[in-house]
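So you can see what is in the structure, the chains are spelled out below.
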Amino acid sequence: MSNDFRIDGGMVDRNQPLTFKFNNKTLHGFHGDTLASALLANGERLVGRSFKYHRPRGIFSAGSEEPNALVQLRSGAYQEPNTRATTAELFDGLTATSQNHRGPLGFDVMSVTDLLSPFIGAGFYYKTFMWPAAFWEKIYEPVIRASAGLGALSMQEDPDKYDKGFLHCDLLITGAGPSGLAAALAAGRAGARVILADEDFELGGRLNAESHEIAGMSGRDWVTQTRIELSSMDNVRILPRTTVWGAFDHGIYGALERKTDHLPHAGDKPRQVLWRIYTKRAMICGGATERSIAFANNDRPGIMLAGSIRAYANRWAVATGKQVAIFTNNDSGWQTAAELAALGVNITAIIDPRDIPAPMHISGASIAMGTSVCNTAGRKQLHRITLTNGQTLNADCLGVSGGWSPNVHLTCHQRGRPVWNDNIAGFVPGGDLPVGQTIAGASNGDMTLSAALKSGHKSANAAIKSLGFTPSRAQAPRAADEPFAIKQFWHVTGHKARAWVDLQNDVTTKDIKQSQAEGFRAVEHLKRYTTLGMATDQGKTSNILGLAVMAEATGKTIPETGTTIFRPPYSPVAIGAFGGRERGQHFHPTRLTPSHKWATEQGAEFVEVGNWLRAQWFHRAGDKSWRDSVDREVIKTRKSVGVCDVSTLGKIDIKGADAAAFLNKIYSNPFAKVPVGRVRYGLMLREDGICYDDGTTARMSENHFVMTTTTANAVLVYRNMEFARQCLFPDMDVHLISTTDQWAQFAVAGPKSRDVIAKLADDIDVSNDGFPFMACADVTVCGGTPARLFRISFSGEIAYELAVPARFGDALIREIMAAGAEHDITPYGVEALNVMRIEKGHVTGAELDGRITAFNINMDGMVNKKKDSIGSTLSQRELMIADDQVRLVGIKIVDKSDTLTAGAHLIAPDTAPTTQNDLGWISSVCYSPHFDQHIGLGFLKAGNAKHGDIIRAWDGVRGTDVDVEITSPHMYDPEGGLQRG
Amino acid sequence: MIINHPLLGPRDANEFIHLGDASLINRPDGMADDAAEKFHDYLYLRDNPAGEYRELWYHDAGDRSWLVVTRNTLTHEISSVEMARDVARKQGRSK
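Taken in sequence, the protein lines are chains H and G.
Note that the working numbering gives residue 20 to position 20 of the first sequence, counting from 1, and the numbers run on in steps of one.
Note that the working numbering gives residue 1058 to position 77 of the second sequence, counting from 1, and the numbers run on in steps of one.
Some clues are possibly wrong.
To be verified - Incomplete in silico selection of chain G near chain H, CB under 10 Å:
no., residue
1, Leu989
2, Pro991
3, Asp993
4, Arg1008
5, Phe1020
6, Leu1024
7, Tyr1025
8, Arg1027
9, Ser1046
10, Thr1056
11, Ser1061
12, Met1064
13, Arg1066
14, Arg1070
15, Ser1075
By construction, these hints were calculated from the structure, which means they are not laboratory data.
Predicted, not measured: the structure shown is a model, and the values here were computed from it.
Ideal placement from N, C-alpha and C gives every residue a C-beta, glycine not left out.
Isolated chain H, as found in the complex:
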């Protein structure tokens, strides 16, 4: 069987035959086909199984609204589930498989669920999987997960590329149907910058599906002529295969362009591009979507939307059946019958519930007015329909038309509410459109061709006129208005079998009535209780029908019932497109320190610290584990000298006549009188009195300070300082600039550090008198390289930090290593840095966790009460400085063979580990080679008075409970003599 259903005409290119596979069956189509049209041409009716009941399903529509024909496209890592066959362009070698069935598509073992349907109606999950609670994780969840979803992911990394881009225009036109094309012509001729986007690969919209005439030529010829004219305009950009999926604030629209989805291979091109379109004006020319009528067994393969049948015949030259019946409540269904009959397709019957004379005569067709279809038969393919007049007819295809719903989605993305229009039996946009947006054509309720062309032309002219363009004198293209009369008729009652409303989520009229009976009557409740409209198609063919059924059940009108809120996206957008190129390694930038290359050569292990990669430790021959490396680095630094790259610390240059006064506001401790050539440790509070950062600031000259911040807070501190400078103290003469990336900075620490610095620095007295603890100076090193030297210590040893412009960083670390060779200088990483600061009792982010005050870290003396600095007032609140608040303490383990864990709770001996008995926690731990045991820092209630006490560190997560001794946090060299030496 091959192309048995192909008829004459259409827009497929018969000179370009294509071969494709569906469920491993080789089939044939033509260039211009969609997967759906090619499947129909080959007589493939059964294309998938429904979500819940695993009912056999066929192709239902001819566009992006498709609820049934979801397939897995391509294979291997390229496999993409839930692809609509109706929008997938056919290419040579395409492979697709059906989804949501176990066993072959024709014999799905899961179809047993259909027999269970009386038990699994709306709310089944909510009612069933409630108890016992022990079943949730072990039984219910695996069962639900196994049966949920439609297609399957490849479980491999997506090999495709995605891009993001930005576009700007005067007028964005969404939809290239008659109204969109008329709008583009008007705006383009007037010289406005126009973007015309359409989700289809052909421009023309419904014109490709109809046999209309415009300006004396066929609709299709008019589209071609219009496309040629628009393409010749430099100010018009045409984006086919592009879905405008969201309307955002201030005229910004999200669009997805499918660049290579229609090609066998993307090559090195991106698969899709996510556009952010900045518009001055936007026009929605989104057309309308046909909807179904609910009647018993209306979901069988072969039952389709009548307008789609017309589209397959006119555009793709496919007859969707050999015996086609039409069931319509409006004139559009008759159009399908007439056009199919003209193309030689056998129309068996037209069933119309309206009590009016038949609008036209169709030869060979029996016509039943005032009649409905009340049941159907045929398991994998429609065979027969039964009418309410008792008549039974053979049909392999039934076209249904319940009317057309304007596509108002993009007009509602800013919470606009559409209003009901009785004439067209559909919702049209209310008055509350997003700023700068207008709407034309069928999406505005102009359901006929001439009206659509006129409204597109007129709206575009109004939009560009408001931007100052002069509209051209050209008139709107001329065409006739086709009949579109409709009677509101939603579902055929009186039959017990299920009548489907939402095909994709298997919601029937019975579910909606049950929802009503159980009190879920508001549309938003109805949606969530029954899942109506919650599938990937978002109920495009079913929502209006669903709320009409609800309105009937509650005795309200449709406008009283209202619609659910429309949210982006209009149709599904792959997560990959949102990710763009920012994935894997490129998810965030990687910042490398100036010594990174050298550290790599030195065998460093690196750790991510924010975006930075910092050396964690340096592996040396003989190191059996990371602990060996860290212990060695600590011991050698404390015994001789070590060096560590500290360039990642935030650095802020502060200049101006009021720089000192400004710092006095920023830091809680005084800075006004720091002498030139001196460094001071400073504490920064939030305005609520909580500590958020600390660091050192050096006064290089009278009006020039250099601040360091912690690595993690560099950006935040800078932002807060700019806030203080611009918003709080706008007249202070002070300027800030972040110089974090401009300087390479190395800590050289240990008893021999002075020798190393003396060798490197040109002409400077580094003796303890000449350059004492907390001194700083602008110096030169290595014979003239500009540098900054600070005598500050995080390790507790004699220590210096030496900074040079970043470009000299690599050279400097090599010079430092050479200068320190005679003392066997050791490079150390952030682990050793951490061990030494814990031994010394310095706080870091583990302590300053956003809950800790100066009082808690025993630095209450650093909050100067004689000046008004940020946070000083509220840091003095009564309870924040009460005696029983937690205090920073050192923690040593009693039995040296035990280990400590950060996060353990501190509790008194012989008390139960309860919240009431909780005395504090451990914030940092390490193994200290100096003390040959685990030590830590932590917070203990009234901890200052508890030094020497033995209490317990209880860790319920890791299951440990050990005795610890509380000490001063300054465990190593508590008097600080070493660092001053």
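On the provided structure of chain H, position chain G as indicated by the hints.
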């Protein structure tokens, strides 16, 4: 959203960081007798209007200006954008 920066023209909101109520400019005097009470109100009491709202935005990926943006919280319409420094000066702040 697009913020019309007084110096740089229209810029995408992605370039900015939002802080909150522009009343944060009105920092009380920490040395006043009733400072604790004033700071409590300054820090913890905010209006949450449905409509026009003056708020602080920081041009983080731009020129690092702090701006006072008047935005309608119901529609996101932005009716004015001022340099926060100018606003602060107008409100009497100096050093």
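Here is what the structure says about each hint:
no., hint, result
1, Leu989, "15 Å, violated"
2, Pro991, "9 Å, holds"
3, Asp993, "8 Å, holds"
4, Arg1008, "5 Å, holds"
5, Phe1020, "5 Å, holds"
6, Leu1024, "6 Å, holds"
7, Tyr1025, "8 Å, holds"
8, Arg1027, "13 Å, violated"
9, Ser1046, "7 Å, holds"
10, Thr1056, "8 Å, holds"
11, Ser1061, "15 Å, violated"
12, Met1064, "8 Å, holds"
13, Arg1066, "4 Å, holds"
14, Arg1070, "5 Å, holds"
15, Ser1075, "4 Å, holds"
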